[in-house]
Amino acid sequence: MTKNRSTSTERGRIQISGFDSDHVTERDPLSGWTEESGRATQSRWERAWSRFKRNRSAIIGLAVVSILALLAVFSRPITVYGLTVQPFSIAPYDPTTILYLSDPTVSIYDSPSTSHPMGVDGSGRDLFSRILYGGRYSISIGFVVVALTASFGMVYGAISGYYGGWVDEIMMRIVDTIFAFPGLILALIIVAILGGGYWQLVLAFSLFGWATYGRLIRGEVLSIKENEYVLAAKALGARDRSVIFRHIIPNAMPPLIVYATLNIGTVVIGVAALGFLGLGMPPGTAEWGTMLDQTRETLIQGPDGSIPWWATIYPGAAIFIFVMAMNMIGDGINDALDAQQTGVGQEGGD
Amino acid sequence: MTRHDEPILRAENLTKYYDSSGGVIDNLLGNSQWVKAVDGVDFELREGETLGVVGESGCGKSTLGQALLRLIEPTDGSIYYQERVDSEGGSGQREEIDLTEVSSSRLRDLRTDLQYIFQDPFSSLNPRLTVGDIIGEPLDIHGIASGEDRDEHIYDLLETVGLNPSHAHRYPHEFSGGQRQRIGIARALAVDPEVIICDEPVSALDVSVQAQILNLLEDLQEEFGLSYVFIAHDLSVVEHISDRIAVMYLGEFAEVGTTEDVFSPPYHPYTEALLSAIPEPDPLWEGEQIFLSGTVPSPIDPPSGCRFHTRCPRVIPPAEYDLEQEVWRSIMDLKLRVRGVDTAEAIAVLDDGGNGDNEPLTLDDIARDNFDSQVRAEFDLPQTIADPTVEQSLSQAIDELYAKNLGAAQDLLEDAFTSPCEVHQPEQVPTGKTHRISCLLYDDRYDDGQFRSTSGGTGDAIADD
Ligand code: SF4
Chain A
1 MTKNRSTSTE RGRIQISGFD SDHVTERDPL SGWTEESGRA TQSRWERAWS
51 RFKRNRSAII GLAVVSILAL LAVFSRPITV YGLTVQPFSI APYDPTTILY
101 LSDPTVSIYD SPSTSHPMGV DGSGRDLFSR ILYGGRYSIS IGFVVVALTA
151 SFGMVYGAIS GYYGGWVDEI MMRIVDTIFA FPGLILALII VAILGGGYWQ
201 LVLAFSLFGW ATYGRLIRGE VLSIKENEYV LAAKALGARD RSVIFRHIIP
251 NAMPPLIVYA TLNIGTVVIG VAALGFLGLG MPPGTAEWGT MLDQTRETLI
301 QGPDGSIPWW ATIYPGAAIF IFVMAMNMIG DGINDALDAQ QTGVGQEGGD
Chain B
1 MTRHDEPILR AENLTKYYDS SGGVIDNLLG NSQWVKAVDG VDFELREGET
51 LGVVGESGCG KSTLGQALLR LIEPTDGSIY YQERVDSEGG SGQREEIDLT
101 EVSSSRLRDL RTDLQYIFQD PFSSLNPRLT VGDIIGEPLD IHGIASGEDR
151 DEHIYDLLET VGLNPSHAHR YPHEFSGGQR QRIGIARALA VDPEVIICDE
201 PVSALDVSVQ AQILNLLEDL QEEFGLSYVF IAHDLSVVEH ISDRIAVMYL
251 GEFAEVGTTE DVFSPPYHPY TEALLSAIPE PDPLWEGEQI FLSGTVPSPI
301 DPPSGCRFHT RCPRVIPPAE YDLEQEVWRS IMDLKLRVRG VDTAEAIAVL
351 DDGGNGDNEP LTLDDIARDN FDSQVRAEFD LPQTIADPTV EQSLSQAIDE
401 LYAKNLGAAQ DLLEDAFTSP CEVHQPEQVP TGKTHRISCL LYDDRYDDGQ
451 FRSTSGGTGD AIADD
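Order-wise, the sequence lines are chains A and B.
No gaps in the numbering here: position 34 of the first sequence is 34 in full-length UniProt numbering, and each next residue is one more.
No gaps in the numbering here: position 233 of the second sequence is 233 in full-length UniProt numbering, and each next residue is one more.
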């Protein structure tokens, strides 16, 4: 019977023979590593990067995007307030120069040759120069839009998920409303109202594009805030703002980054699609989609019954290669961060 | 260390109900269901002592711990903390603060006095911060130290909890569970607290590591004069480190007393069962484990009267019957089962003597007598109960069950067999200077099967819900 329990209820240190702490320190190191083993501490991002580096297709994608971006930057000199900040000029011609005006040997739709490696377009401009230069519009719009939408969506979703309740309910109904319309249609409406142009396009894609980020981050935050370290931060007296920015958002970053990378490609395609519909940049601009639009009629039949394939293939290929490379990077990041996610949390045994 | 008469942390009628319904729309429609996680707990923690809070999982002990620090907002009740105020001429002056009343910025300051150690050493450390930053966070928040001073502080804290200062630049995933728990302790110590609530700090750890962590906590208590609330699901863990123990069942304290009181008679029936489950190292130990019938009831709709009556081995029989305790418990079990099922078939596992076909049997397949004996076998009831009134009511109820009149059977059972434990809510009865038990067995108002309402009316303890 329990009445016969003979344990003492005196307080004191627990003595378990064979386990008392002196023995343990003498016998066994508490963990697998020692100071001498010297394995440098790797942060999570360092580990993710080393995993990313081993992913060949992701590295190819990264190389392609970097090359396209560098070519766009160095295609023509950049001057800021009359000061040349970037003097290099890889593209042989100015993208808007109509060549046959100065050089009578050039005519419209000249096929690719050594002097015009991608041929000449319907207005007598050098396609190679236009393709290089066009990256400035497509790529930069992609990055700017994603930077804007991702940051806003991140804060929006974090607030919604963190506070929950009424706040969450209202904020998510707004997101639902945005989701009721296809994104490209919304962008189209805005461009139709505001007219074409660089910042109009940025606005068109940013104004509603954050909704996906908002929903994504909210979901992440909902699961992250269940972690005890969030409660621990509150127990230490941290303010909501610092809990969100120090504990919640950094842990919600991996899916955000993956989605953002893939989203850059989507935005570039969207910009090109509007350009192709004649709603993007002003006609004549060396933007990949707009270039496609201007040579649209040649898809069926060009002048003299021949089809100038180079006028559509090269801008199309530029879009394809960039988006493809972005997706390869996105997949690489996904793998690098995901593998890590599953490895953490279950490590260590005791 | 001087002990003050006033408890350093005290809670009155602390209550936390959770809304278990699905969100705002449900709330609007009034569909909320309240989970009574902590239901009117009175609580005292004296300076320098360790109070063990023990209970099965789901009994609300973690909620209690978090509500005490207002990590979750209590639904009702007050929490008083004696804050040390520095007056000239010496320390030791304390001033009482109601934690439930203070503003959130004041509460943030008070976090330097009241700290929490978490159960899960894996999820309680942010995987993206270095150990140094984890321990440094409270230093940053409260502006305790910065720059080199901060590093010094962090190294000191790591050494205090038995880690190497060079660990500061590593990430939590590089440590074992025991080491992570040490990091969590260092983080709580960083603000130089007075009270630490330890929420099952060792239950996720190996037994050998458990002892190390418990010893560390004891050493720290001595060194820094800390007061602990130590939450555990097992009496054996708190046995050696607690000065006092509170046993919790379904959001209420069943028994509170010094460790000595709780570990020796008189016992609360629930504590008795918990104690019987602790294995003894003594080979001659002839302990007999008390098995509790049933599972922990849902805190959404806790049992009336004494919340333990659905499982209590010593549940009190009505005064008019002369019954053995086990038989009475079995009758209660039968009654509770009838209350919970939808069809009479579900009362017992029916068996027609082994015809071999696997068809589930219905009541029509077996005879009345057969059914009777199977029901009795299921609930360990004797074929005939000695007390004739009891026997009569019981067989009538079984008849009704056999006739598939579930409702009638239930009414019969409820009429004939109602324990005072179901009707009266026990109050905390002092059974010694330091010992209080919430059980009608020890209640003076309840004697020899007669319930006497004490004058003043507070004793009309009909179920409160
Ligand atoms: S009041 Fe009744 S049911 Fe509750 S613990 Fe005491 S004997 Fe058991």
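FYI, nobody ran anything at the bench for these hints, they're computed from the structure.
Remember, predicted model here, so these are calculated numbers, not experimental data.
Where is the CB? At the ideal position from N, CA and C, for every residue including glycine.
Just so you know, not all the hints are guaranteed correct.
On the chain A side, residues computed to face chain B include the following (Cβ under 7 Å) [to be verified]: (1) Glu228; (2) Tyr229; (3) Leu231; (4) Ala232; (5) Ala235; (6) Leu236; (7) Ala238; (8) Arg241; (9) Pro250.
Verification of the hints:
1. Glu228: Check passed: Cβ of Glu228 of chain A comes within 4 Å of chain B, closer than 7 Å.
2. Tyr229: Status holds, d = 4 Å.
3. Leu231: Holds - the Cβ of Leu231 of chain A comes within 7 Å of chain B, reaching about 6 Å at its closest.
4. Ala232: Nearest chain B Cβ about 5 Å off; hint holds.
5. Ala235: holds, 4 Å
6. Leu236: Nearest chain B Cβ about 4 Å off; hint holds.
7. Ala238: This interface hint holds because 5 Å falls under the 7 Å limit.
8. Arg241: violated, 12 Å
9. Pro250: holds, 5 Å
In this structure, the one hint that does not hold is number 8.
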